[in-house]
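There are 2 protein chains.
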Amino acid sequence: MNIPKTSFPRVVIVGGGFAGIMLAKNLKNQELQVVLIDKNNYHTFQPLLYQVATGGLEPDSIAFPIRKVIKDIPNFYFRLAEVSEIDTNKRKIITNIGKLKYDYLVIATGSKTNYFGNTKIEKFSMAMKSVPQSLNLRSLILENFEDALLTSNLEERNALMNFVIVGGGPTGVELAGALAEMKKGILPKDYPDLDIRQMQINIVQGGNRLLNTMSEIASEKAEDFLIHLGVNIYKNVHVVDYDGYKVDTNTDLNFEAATVIWAAGVKGATVNGLQNECIIERAERIKVDEFNKVKGYKNVFAIGDVACMSTNQYPKGHPMMAQPAIQQGKHLAYNMIAEITNKPLKPFIYKDKGAMATIGRNKAVVDLKKIRFQGVFAWFVWMFVHLFSLIGFRNRAVVFLNWVYNYIRFDRETRLIIRPFKKKP
Amino acid sequence: MNIPKTSFPRVVIVGGGFAGIMLAKNLKNQELQVVLIDKNNYHTFQPLLYQVATGGLEPDSIAFPIRKVIKDIPNFYFRLAEVSEIDTNKRKIITNIGKLKYDYLVIATGSKTNYFGNTKIEKFSMAMKSVPQSLNLRSLILENFEDALLTSNLEERNALMNFVIVGGGPTGVELAGALAEMKKGILPKDYPDLDIRQMQINIVQGGNRLLNTMSEIASEKAEDFLIHLGVNIYKNVHVVDYDGYKVDTNTDLNFEAATVIWAAGVKGATVNGLQNECIIERAERIKVDEFNKVKGYKNVFAIGDVACMSTNQYPKGHPMMAQPAIQQGKHLAYNMIAEITNKPLKPFIYKDKGAMATIGRNKAVVDLKKIRFQGVFAWFVWMFVHLFSLIGFRNRAVVFLNWVYNYIRFDRETRLIIRPFKKKP
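Respectively, the protein sequence lines represent chains A and B. Using the UniProt record's numbering, the first residue of the first sequence is number 1, and each one after it goes up by one. Using the UniProt record's numbering, the first residue of the second sequence is number 1, and each one after it goes up by one.
Calculated directly from the structure, the hints in this document are not laboratory data. Incorrect hints may appear among the rest.
[As the list claims (entries may be wrong)] Residues on chain B that point at chain A, a partial pick, calculated with CB under 7 angstroms: (1) ASP60; (2) PRO65; (3) ARG67; (4) VAL69; (5) THR95; (6) ILE97; (7) LEU390; (8) ARG394; (9) LEU401; (10) GLU413; (11) ARG415; (12) ILE417; (13) ILE418; (14) LYS422.
[Unchecked claim] Computed list of lysine-lysine pairs in DSS-like fashion (alpha-carbon distance at most 30 angstroms, straight line): (15) A:LYS5 x A:LYS293; (16) B:LYS129 x B:LYS99; (17) B:LYS28 x B:LYS287; (18) A:LYS92 x B:LYS423; (19) A:LYS123 x B:LYS184; (20) B:LYS101 x A:LYS423; (21) A:LYS183 x B:LYS25; (22) A:LYS5 x B:LYS39; (23) B:LYS316 x B:LYS353; (24) A:LYS423 x B:LYS330; (25) B:LYS346 x B:LYS71; (26) B:LYS123 x A:LYS39; (27) B:LYS92 x B:LYS295; (28) B:LYS267 x B:LYS39; (29) B:LYS39 x A:LYS422; (30) A:LYS422 x B:LYS123; (31) A:LYS184 x B:LYS28; (32) B:LYS129 x B:LYS369; (33) A:LYS112 x B:LYS422; (34) A:LYS112 x A:LYS343; (35) A:LYS25 x B:LYS184; (36) A:LYS5 x A:LYS25; (37) B:LYS351 x B:LYS28; (38) B:LYS184 x A:LYS423; (39) A:LYS28 x B:LYS184; (40) A:LYS71 x A:LYS123.
Quick reminder that beta carbons are idealized off the backbone N, C-alpha and C, glycines included.
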């Protein structure tokens, strides 16, 4: 890869998510060369992907060009590439655009959807981890309603209007809320010749409550809100099979549904080339010590979702969400600067800022450290926090404008099938 | 096709562009059933596609859901479908989702890119007539610069940074201006390790002036503006071949360019099934009389780009742009209502509101009926007119916000490769 050699040590960061971007930003003006690599030329604000999928926000408003983040920083380089392997002996990464030597390597590759080995579900269900996936889901939802108009077969029509969300975490809950808002405000007007009451939104949750990483009161309230919105909630049920039409579970429950959204799990997006013992099996995350150093290596780090730092409070690693990634990125920058300036390193300590989820219009649940609240105020807090977590003034302004418009007008105007998802005969 | 039968005559409108939308809007609350058919579920504001292609606007801000246009109008139906043929004997249209009987048929299918039979150019060049095409071009432009970083072959790198725009009409001129602004403000910062001065923007125009449907002073000024922005202008030259790398012309001039944008001509997007003598050969438009009635039929109409109404002032038909389409859509609604209420029909008379084109920041040319002007004021007029021609308050607000932001910050933030265009090895 075509990066000039300098006398500075080279830090290669793989991944431009929250962790990688925060690290890069905090390494500026140091005696380091920084190369950031991502398979996209933009950073994705994943927490709002579900609003793209449901026609509430344009995709471009939650994506931010990575080159803009690092522009005007001397010694910073970005390369659009996919890393296929790392060679820790030769201190090289191998990518689709060539090899690159590193002095320090930081793996910040995030997470990907975990199908737990079920290739049929992987093939037929929809995921929502990237902008194109969310756009595919947006197209599919709308194409389903267009197709529902065409069939006189009632079973088929109902299947086209039946949405099964597997997984009751924040993604599943927020998507269900947004679909329910579409059902209430948009679809009956857009499709007056369909009986939209027949549209079903189902959440199938393996555990015994939704939002099981949040407080019990948050779970309860979220369920209340969803039930009030007409969402069907199934707990203690596992989806075991899906062939594009029939959803099977480990119980008597089954569905006929044209759309299954798989939000039941994520795993680390690990890279090839690390010793196997670095990887913690189940969630496929990379074991790191309290300095985010990958166990067994001196100059390889992992941060964010892909890193598993086992602590007393988090024996299975920190939650795979934005906050630990942001904090680890920032913290690793501190430690790297400490290392090159011969100062003592500090172990990473996660500051839990809490968790929140929104459930449609005017409703959210928020768990902060000392206080928990739900309802309208929580919803405003949710919006405020998400708005200010977005990177870029323009993105914030466009998202804000859309939210205000959608709120006042009860609308979602980006219900556009820009690239159809279904293959037409 | 599943449309209920009523006692009202059924008007089938094929195409949701300016003409089709204006017709539909003006037929509301009449004793008519209106079925609007389009292959997309959204209306495209084509005049701003070049801003999508150059990262200045998000695609969703210039697209508007057609269902929203016609919602709450009784007796209105929309179907997402492609019309393959019309059967004027049986008064039916044949689509990919079935057949539909009509009492009145209105063909408002617009125009498509005219390659004048050159299949190689069609295969290798980019067009900019639809949202996906513009997004493909946006991806390709950005991918070219990413790839230019990777090659040490100077010739190849220059070809990747060489843009050939074929056609010096408004589309070609506006795109060239936008590319020149990218070259000035964005690309040198995004790609500090490339010599962006090597980027070439070329307009190849077959005639002896740019914007040849506008006044001579507009042409001259547009050329001045473009030259000032560093755009190379070649007049009286025809591109005759392109193989994805080498551009051949009918003169000694040739280019090595990874990107050719074909903006050299459009033709009517006609439908199969009309008698051949209805079609005017060269531009493939449908001959209509002064009531937009297709010659030889009593109940088949054509409006907008696809219609060719030969008048004294426009013997080859009206210009293929938004204004005639909007006016014909409105006017045909008037005549249709007149017909069902037994009032006299009025022939269509085109009110030429003038033409305008923008050439980068602060520069535009405007020809109005009585006055012509160029420069900053023209640029504001251009923006004002385009902003208020957009359908939908949200779209206007988002476009306005982007323009203000881009203007103040000298920026274009939607430089995102959401769906890569090039096939990667």
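Verification of the hints:
1. ASP60: Holds, because the Cβ-Cβ distance from ASP60 (chain B) to chain A comes to roughly 4 angstroms (cut-off 7 angstroms).
2. PRO65: Holds - the Cβ of PRO65 (chain B) comes within 7 angstroms of chain A, reaching about 5 angstroms at its closest.
3. ARG67: 4 angstroms, holds
4. VAL69: 11 angstroms, violated
5. THR95: 10 angstroms, violated
6. ILE97: 5 angstroms, holds
7. LEU390: Violated. Min distance 12 angstroms.
8. ARG394: The hint holds - ARG394 (chain B) has a Cβ within 7 angstroms of chain A, the shortest such distance being about 5 angstroms.
9. LEU401: 6 angstroms, holds
10. GLU413: Holds. Min distance 5 angstroms.
11. ARG415: 5 angstroms, holds
12. ILE417: 5 angstroms, holds
13. ILE418: ILE418 (chain B) check passes; min Cβ-Cβ to chain A is 5 angstroms, inside 7 angstroms.
14. LYS422: 11 angstroms, violated
15. A:LYS5 x A:LYS293: Measuring from Cα to Cα gives roughly 25 angstroms; hence the hint holds.
16. B:LYS129 x B:LYS99: 27 angstroms, holds
17. B:LYS28 x B:LYS287: Distance ~27 angstroms between LYS28 (chain B) and LYS287 (chain B) Cα, so the pair holds.
18. A:LYS92 x B:LYS423: The hint holds at about 26 angstroms.
19. A:LYS123 x B:LYS184: Since the Cα atoms of LYS123 (chain A) and LYS184 (chain B) sit roughly 45 angstroms apart, the hinted pair is violated (cutoff 30 angstroms).
20. B:LYS101 x A:LYS423: 27 angstroms, holds
21. A:LYS183 x B:LYS25: 25 angstroms, holds
22. A:LYS5 x B:LYS39: 53 angstroms, violated
23. B:LYS316 x B:LYS353: Holds - the C-alpha atoms of LYS353 (chain B) and LYS316 (chain B) are around 19 angstroms apart, at most 30 angstroms.
24. A:LYS423 x B:LYS330: 36 angstroms, violated
25. B:LYS346 x B:LYS71: 29 angstroms, holds
26. B:LYS123 x A:LYS39: 27 angstroms, holds
27. B:LYS92 x B:LYS295: 18 angstroms, holds
28. B:LYS267 x B:LYS39: 18 angstroms, holds
29. B:LYS39 x A:LYS422: At roughly 14 angstroms apart (the allowed maximum being 30 angstroms), LYS422 (chain A) and LYS39 (chain B) satisfy the hint.
30. A:LYS422 x B:LYS123: Distance of about 24 angstroms is within 30 angstroms: holds.
31. A:LYS184 x B:LYS28: 25 angstroms, holds
32. B:LYS129 x B:LYS369: Given pair LYS129 (chain B), LYS369 (chain B) holds - Cα atoms ~28 angstroms apart, limit 30 angstroms.
33. A:LYS112 x B:LYS422: Judged against 30 angstroms, a Cα distance of about 24 angstroms means the pair holds.
34. A:LYS112 x A:LYS343: 36 angstroms, violated
35. A:LYS25 x B:LYS184: 25 angstroms, holds
36. A:LYS5 x A:LYS25: Distance of about 21 angstroms is within 30 angstroms: holds.
37. B:LYS351 x B:LYS28: 24 angstroms, holds
38. B:LYS184 x A:LYS423: Not OK: LYS184 (chain B) and LYS423 (chain A) at ~41 angstroms, beyond 30 angstroms, violated.
39. A:LYS28 x B:LYS184: 25 angstroms, holds
40. A:LYS71 x A:LYS123: Status violated; Cα separation ~39 angstroms.
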